[in-house]
Amino acid sequence: MKLVKVYVTLKDSVLDAQGEAIKSAINTMGYKQLADVHMGKYFELSFDDDYAQLDQDVNAICDDLLANPNIETYRYEIMEEQ
Amino acid sequence: MKLVKVYVTLKDSVLDAQGEAIKSAINTMGYKQLADVHMGKYFELSFDDDYAQLDQDVNAICDDLLANPNIETYRYEIMEEQ
Amino acid sequence: MTEPTAKQIQTEKLYQQWGLTDSEYQLISEKILKRLPNYTETGLYSVMWSEHCSYKNSKKVLRKMPNKSSRVIAGPGEDAGILDIGDNQAVVFKAESHNHPSAVEPYQGAATGVGGIIRDIFSMGAQPIALLNSLKFGPLKDGKTKHLVNEVVAGIGGYGNCIGLPTVGGEISFEDCYEHNPLVNAMCVGLLNNTEFKHGTASGDKNLIIYVGAKTGRDGIHGATFASDEFTDTKNKQRSAVQVGNPFIEKLLMDACVEIIEKHSDWVLGIQDMGAAGLVSSTAEMASKAGSGLILNLDKVPQRETEMSAYEMMLSESQERMVLCVKPEFEENVLNFFKNFELDAVVIGQVTTDKQYKIYHHEQLVTDIPVDSLTEDVPEYDREEKQPQRMIDDKDYHFMPTIDSLSETWQKMVQRPNLASKKHFYQTYDSQVKANTLVRPGSDAGVVRIRGTKKAIAMTNDSNSKYVYLNPFVGGQITVMEAARNIVASGGIPIGITDCLNYGNPEDPESFWELDKSVEGISSACETLDTPVISGNVSLYNEYNEVAIYPSPMVGMVGLIEDIKNVTTSAFKKAGDLIYIVGQTFDDFNGSEIQMEQLGQLKGDLRVLDLEKEKLHQDLIHQAIEKDLVTSCHDLSEGGLAVALSESAFENNLGFEIKTSLTSAQLFSETQSRFLVTIAPENQVVFERLIQEDFELLGQVTADSSYKVTTTDETSIIDGSVVKSNWKEAIACLMKSEV
Amino acid sequence: MKFAVINFPGSNCDMDLYYAIRDGIKQTVELVDYRNESLEGFDGVLIPGGFSYGDYLRSGAIAVHAPIVKEIIRFANEGKIVLGICNGFQILTELGLLPGALIQNEKSCFICETVDLKVLNNQTAFTNEYQAGQIINIPVAHGEGRYYCDEKTLEDLKINDQIIFEYQQNINGSVAQIAGVTNKQKNVLGMMPHPERAIEKILGSDDGLKLFQSIINYQVKVNN
Ligand SMILES: Nc1ncnc2c1ncn2[C@@H]1O[C@H](COP(=O)(O)OP(=O)(O)O)[C@@H](O)[C@H]1O
Ligand SMILES: [Mg+2]
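Residue numbers (the numbering used here), protein chains in the order written: chain A, -15 to 66; chain B, -15 to 66; chain C, -6 to 732; chain D, -17 to 206.
No lab work stands behind these hints, which were simulated from the structure alone. You may find that some hints are simply not true.
Stated by the list, open to error - 27 Å max Cα-Cα, derived DSS-like pairs, lysine-lysine:
1. Lys53/C - Lys208/C
2. Lys8/D - Lys558/C
3. Lys(-14)/B - Lys134/C
4. Lys27/C - Lys16/B
5. Lys134/C - Lys8/D
6. Lys16/A - Lys16/B
7. Lys168/D - Lys(-16)/D
8. Lys25/B - Lys53/C
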């Protein structure tokens, strides 16, 4: 099996309401040296092994479903699943 | 600045409803070779540079806030921010 | 990064990319300023003079709408309109479209549409009490549309649920013309506990302009202007023009604004939300309305991003922000008040008397223009009009359905996406939070009681663009009347409307004719009902590849229920009740769902609507409800009598046995001005004496869920439980099916 | 009895609960801001529904770091009445005052419906007005209401009769159809359905009223 790890994050200029809320919670907890928090999504996709156009398809899946190119960027890694 | 990347995922014993929903959406789009999807959360925390007990504190932040040990597990990496 | 000079803007005609025409630009530079506007100033004119902010194309048409009645406290021109409902209370409401943002980013587009309309209500000092929405999409065929629908619905629910306002009604429909141009209209209704309200004005020399709420980022700034085109370095490819909402902040902002106006009215002279064209439109309008000038210092504006230009800050459409005008002696109080809600609040400027709009950025005066020139000097256009050719060609066409098997047609019709249950979507909206909702989605209008009184408010969103497409004038009338029937069937009397006018390009004469005629239709119906248009919104240029959407006016109507004992729902209550249809039925199949089912296209003209008769039927139904005669009441609309009967039977799993003078086909006719009513048998005489004419006793409600129907053509027995499951499952099935 | 309704930033059912107490069972009730550090003088604490801090990380996760929370814990440990509804339930599990966790509904959408619940244990401070096994009709409105706990915990819950309400139709995929649980001492109840939305017939149901009346009964007994 192939394991694909996808990381989706908001673009820099997009309001990260969740990141802001989490940052202020961590600060209130007493950790003052925290400068910034961003929250994103993380996906693990498993695919059948012999999959010629895996890379191409993962790209399409990210563009169409996992990330919204208007506000988010993504990156992914393809690896062998143990 | 130090950058900490935190990955939070549901424990295996907990049904990943969002993962299931995404899996079926991807299958609907015609990608049949997809076997499994898991969805998690991804955080990027930036900290001031000279921070002796960073590792210890990140551990505590994950335990106390970012992950719920009843249902989730986490891992993190600490690196230099560019 | 250097901005182009005023000279460059002129010679390279850069203003065109912002949407200003040559003659508009000349008007600004030659008549108004008598100099060339700089970069920031050109940007301000371009947004303030856009159709969205200025209504320069539609103003002339909008003036046709009645906006007065004995109840009107505030009409169009304020953030939202206000109607007196007695006992020193008033309802405040408005609807807004968020079509384009939802096409680009469906979740956030829909969510920020909801967020924006809520701000319009609480900026009037009113406590928002309910939300509604009207959604139009392409057919549920491909994965793309389904994803779009899912995201829009999730965005609507995501914002409303989180902020804690019940979504009590709405509509959702599917036609080919919306495939690439979905419509997302949202409405908010609020309650004002006194009939005084805060105008959105900035008056009084040296009074302070205070900014409250979320920080400003580069959200929603025209993607296609040269600001983003020519000056983006590679890093800024990261930039996004899409607004993102934060309902959590809006909840704090809403609670704070409602409380400050209720408890500290003397602190606040004026308040306005920052909606389209953010800072510039809110502050310029506030100053212009008061006949004042304004100085703003942009360095004080809370900023989420670094190195924002004056242009970007002024045009940003970052969400969850408000502007207040406050007397200097209350500065401390106001700032502390918001601080207690954990909201940013800062003084960003001052009111002046010179009627100039002056903006400082990095200690430089970047804008110095007459404030009225942004709001008052916009040229008003008188667009060319032409009746669409299709109307002339198809004038005498009359569609007649063929019914081979009544039972089969019946089953098919209830599965049409436009007629099937929308519960799959609306069950994802919290319709009960605040514990005041008396009628949830699923009946005719949503009903919310006013705690501590006997009163309740009924509200509905309606549009039927198929009718408007076939005959804009009659279609416009029908839109209002259908909304009114929903209110009346719920036990209320209609008291006013808001609207979203969704059309194509106004520079296309046929499109403009559609706008003009349908507004005339809406206006005439409103005159008949004495329901003024107290707020609204215009969205033009809804087209894809130069093909316009159907002309799609959406009417948001509010009704008053004087006593909650009058609240009535569409569900049959009990076996043995008598079933009546009130109103005559004709062969009205043009524009109907059965025409779409059988012919697959819209064609023909609409019957002239008899407004007086419609009003009479509504009045009679209202009287019958007030006299406690009615056990259920449902308006007849899309799908006709067959669909209305089924919908009424579903909730309590009842059936009916009817014998009618109508043909089988006429069970699907969509003649206007009709109601389906049930009464207890002992009230037969009183009820019939009240209604007098234009009614037919159809039969009675039965205990098993079987429909026994005798028309002039045949007698059929239809399995109601199958009808119900077809109706209930149709949408979920389509959403799940693979492409 | 004097009740405190805790108001976190983003709570939005606080007034619904307030009215349920004031008008429904005619007791004294006050809204208490999350920044307060004392619950002195109150007999019961109610944690309302809503989206505390936007529920941006996980529902209830951020609220547990608010100043008032220490006091809620003390209150619970002293055996006083604590009721968490919807977001309140989520907060109580995040706090560890109740076992388990509440996660995204199985069909992953928000769901607003009125559901049938079975009262499994009517011997508690919250349910003594109901019959054992009674079916009651209460609204739900949540996106993250699927109750989850491991098998060991479930076992314990069953043995100690801590499962108070059970869905008749498992609308969100909860373990053992659990809609509401108490702690071992049974003075802390968390439930996803909203009894405060079911205290008047005109709202569709008044089956929630008995829950609040039960608390009064219980308190009267304790006081005697
Ligand atoms: N998008 C929506 N949001 C909320 N409620 C909706 C939505 N779509 C439909 N509904 C509800 O479903 C019911 C039936 O809708 P519809 O068929 O459009 O009614 P009608 O034809 O009587 O105007 C109404 O109660 C309406 O409020
Ligand atoms: Mg209706």
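Evaluation of the provided hints:
no.	hint	result
1	Lys53/C - Lys208/C	37 Å, violated
2	Lys8/D - Lys558/C	24 Å, holds
3	Lys(-14)/B - Lys134/C	48 Å, violated
4	Lys27/C - Lys16/B	66 Å, violated
5	Lys134/C - Lys8/D	54 Å, violated
6	Lys16/A - Lys16/B	48 Å, violated
7	Lys168/D - Lys(-16)/D	19 Å, holds
8	Lys25/B - Lys53/C	52 Å, violated
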